[in-house]
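*Asks:* Next come the chains, spelled out residue by residue.
There are 2 protein chains.
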Amino acid sequence: MATMQDVAARANVSIATVSFVVNKSKRVSPETEARVREAMRELGFRRNAVARALASRRTRIIALLLPELNHRVGGTMMQFVSGAANTAKQRGYNLVLWPLSGEADEMSELLGGGLVDGVLLMEVRMHDDRVLRLAESDVPFAMIGRTEDPSGLLYVDMDSETTMRMSLDYLWGLGHRKVALIVEQLDVVMEGYGPTVRTEAAYRSLVKEHGCEPVVVTCEKTASGGRGAASELLERAPDTTAVIVMNEEAVFGVVSGLGRAGLTVPADISIMSIETSPEMGAFSEPVLTTMNAPGEQLGRMGADALIDRLEGTDKIMPQLLLACTLQEGESTAPPRELRSESR
Amino acid sequence: MATMQDVAARANVSIATVSFVVNKSKRVSPETEARVREAMRELGFRRNAVARALASRRTRIIALLLPELNHRVGGTMMQFVSGAANTAKQRGYNLVLWPLSGEADEMSELLGGGLVDGVLLMEVRMHDDRVLRLAESDVPFAMIGRTEDPSGLLYVDMDSETTMRMSLDYLWGLGHRKVALIVEQLDVVMEGYGPTVRTEAAYRSLVKEHGCEPVVVTCEKTASGGRGAASELLERAPDTTAVIVMNEEAVFGVVSGLGRAGLTVPADISIMSIETSPEMGAFSEPVLTTMNAPGEQLGRMGADALIDRLEGTDKIMPQLLLACTLQEGESTAPPRELRSESR
DNA sequence: CTGAAAGCGCTTACAG
DNA sequence: CTGAAAGCGCTTACAG
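Those protein sequence lines, which keep their order, are chains A and B. Quick note on numbering: the first sequence equals residues 3 to 345 in this note's numbering. Quick note on numbering: the second sequence equals residues 3 to 345 in this note's numbering.
Honestly, I wouldn't trust all of these hints.
[Unchecked claim] No farther apart than 20 angstroms at their CA atoms in a straight line, the calculated lysine to aspartate or glutamate pairs in the EDC-like style are these:
| no. | chain 1 | residue 1 | chain 2 | residue 2 |
| --- | --- | --- | --- | --- |
| 1 | A | Lys-28 | A | Glu-40 |
| 2 | A | Lys-223 | B | Glu-281 |
| 3 | B | Lys-223 | A | Glu-281 |
| 4 | A | Lys-91 | B | Glu-105 |
| 5 | B | Lys-210 | B | Asp-171 |
| 6 | A | Lys-91 | B | Glu-111 |
| 7 | A | Lys-223 | A | Glu-193 |
These aren't lab readings, by the way, just hints derived from the structure by calculation.
Work out the full structure: start from the sequences and follow the hints.
*Replies:* What follows is the structure in structure tokens.
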């Protein structure tokens with residue numbers, strides 16, 4: 003591989019001049035520039051990223067921290083990752099993946115190597131050691147997600163509150179008054195997982211505002227968990243007419259659990275899957291009404307925010323919330339009473 | 003951040019000695035080593051990855067090339083990625099993601115920067131420009147997947163032939179003789195996608211060997227594509243008693259399409275989803291019998307193979323094929339004739 | 001507008 | 001066993 007030295011020699015200039023041309027970092031006379039470019043072309047010169055990084059103290063590499071295990075289904079995780087990777091590439095950065103078990107020490111260790119200019123955090127908890135550690139370090143970072151009190155920090159996150167409001171508005175608009183919620187049971191590892199916590203809280207407060215009684219069932223992230231949740235729900239609140247599920251892995255189980263209990267979706271009960279990957283709805287029969295999570299977009303925006311910060315672009319510090327988008331399927335309909343009346 | 007200089011000064015040795023201690027690259031007397039380690043501890047020294055890379059001409063970074071779009075459902079893609087990332091980290095490497103649109107030029111461009119020591123290819127086609135380009139470059143690479151003629155190249159891949167044999171053996175074992183195949187319709191982008199091509203070929207030859215007539219239906223990667231495939235199948239080969247589906251996105255559609263046509267799974271027809279992510283089967287009612295793709299493992303093995311090569315470990319060049327593993331569900335049973343007879 | 005030179009923080013022959 | 005020094009391939013004040 004040709005180096006700047008080679009180019010400089012061939013173009014009869016100093017390597018500084020080559021550097022100026024390559025980086026457009028200083029004015030160079032048109033004639034000189036032409037000579038340099040010609041030499042670069044002839045030699046097939048590509049500036050060495052490592053040497054540049056060392057000299058400029060900027061590696062143009064950012065790390066994406068992701069959980070070592072716990073791969074969500076439906077490609078949600080992959081959407082974050084690929085959104086972030088695409089944006090990074092577009093902006094001339096490289097994205098490295100750091101699958102960490104959650105220990106902040108491990109992160110500090112890696113950070114110490116100086117390989118990355120900044121860090122993008124995924125799967126942020128309400129209280130997250132990594133965030134504390136980063137905040138007191140001097141490594142720029144951004145979150146996809148947010149802690150309980152993220153003021154002053156850079157983040158992009160799902161807008162669970164708005165998503166829940168939109169979901170309830172949609173169901174209320176159809177005439178439902180007894181709307182239950184099924185969410186995943188958070189285990190030790192996932193304790194305080196933001197979207198789940200915020201979704202449940204929003205549900206409870208909105209339903210109460212509306213003068214109704216909240217019904218929340220938790221279950222495992224499996225189809226059989228979903229089936230169990232369905233029977234628990236029917237036992238605890240048999241007059242439920244619609245159910246919101248935030249648990250992609252269990253939602254098909256919920257559908258079949260309701261079916262086994264003799265209920266037809268949506269004739270007897272409506273079902274809605276929220277914070278879901280777009281393809282999931284179509285897997286079910288009937289096709290599910292879903293609120294699609296903006297995974298790819300959040301990945302992109304997270305990377306953009308971080309890179310803006312790294313480059314000192316003086317944009318406003320983004321603290322962005324993005325709601326899911328409604329995708330109507332066949333699993334929601336007005337409640338039975340209303341339909342009978344209107345006929 | 004403390005540098006080797008700082009450590010050397012504090013321990014009263016040369017930076018060369020510090021380097022020897024850090025890298026265990028040369029014997030150092032116990033006393034000296036102790037002094038150096040003490041100094042490192044006190045200063046919180048971490049060796050700078052970029053400087054090390056420049057000096058040693060090895061960045062210890064590998065690139066994972068993935069398609070810019072086309073994110074498969076069910077987390078298969080993420081499993082490759084996370085398998086590779088985990089292994090890389092374990093072995094002291096960093097994995098960068100290069101989402102490329104498939105143009106080999108773009109790849110060469112990035113490679114020229116010298117940021118990575120080697121490349122891991124995903125979504126390899128039977129004829130793949132990237133492979134040709136890499137083969138004539140001097141950048142070590144390994145494939146997850148393989149081209150039509152991968153002799154002499156490093157790869158790990160799904161064993162589509164064995165997977166198909168196992169699937170057919172399983173169904174034949176239940177007594178099925180009329181087994182059809184539904185695969186995805188390859189569009190321009192995916193043309194010559196190895197697993198699909200190889201699976202279909204294996205199916206055709208095994209079925210003929212068995213003295214039966216192959217029936218292959220192709221369809222889009224959607225639930226409605228699957229429904230369409232179901233009706234096409236019943237029209238073309240109404241005596242089919244079992245169907246193998248290699249199309250995760252469509253398989254639920256196939257199930258419901260068969261249902262709409264009045265068939266019950268598995269009483270009237272058995273169904274099996276192959277090269278599937280492990281969670282998918284449980285989403286369906288009845289739970290699907292699946293052949294689970296070893297995504298995580300392939301990712302791990304691919305990264306290991308590449309790193310072995312980079313480090314000149316003299317292991318045998320791995321050209322590994324890994325079959326899927328059977329996970330029995332409720333969607334397969336002996337064909338109706340047999341069951342009636344045996345009763 | 002251009003160049004000489006220091007320096008980024010390491011590794012690695014080469015000497016001793 | 002240890003050190004002095006060159007060198008990895010760039011960027012960036014500083015001069016002119």
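*Asks:* Could you run down the list of hints and mark each one as holding or not?
*Replies:* Evaluation of the provided hints:
no. : hint                     : in the structure
1   : Lys-28/A with Glu-40/A   : holds, 18 angstroms
2   : Lys-223/A with Glu-281/B : holds, 10 angstroms
3   : Lys-223/B with Glu-281/A : holds, 10 angstroms
4   : Lys-91/A with Glu-105/B  : holds, 14 angstroms
5   : Lys-210/B with Asp-171/B : holds, 14 angstroms
6   : Lys-91/A with Glu-111/B  : holds, 12 angstroms
7   : Lys-223/A with Glu-193/A : holds, 14 angstroms
Against the hints set out earlier in the document, no violation occurs for any number.
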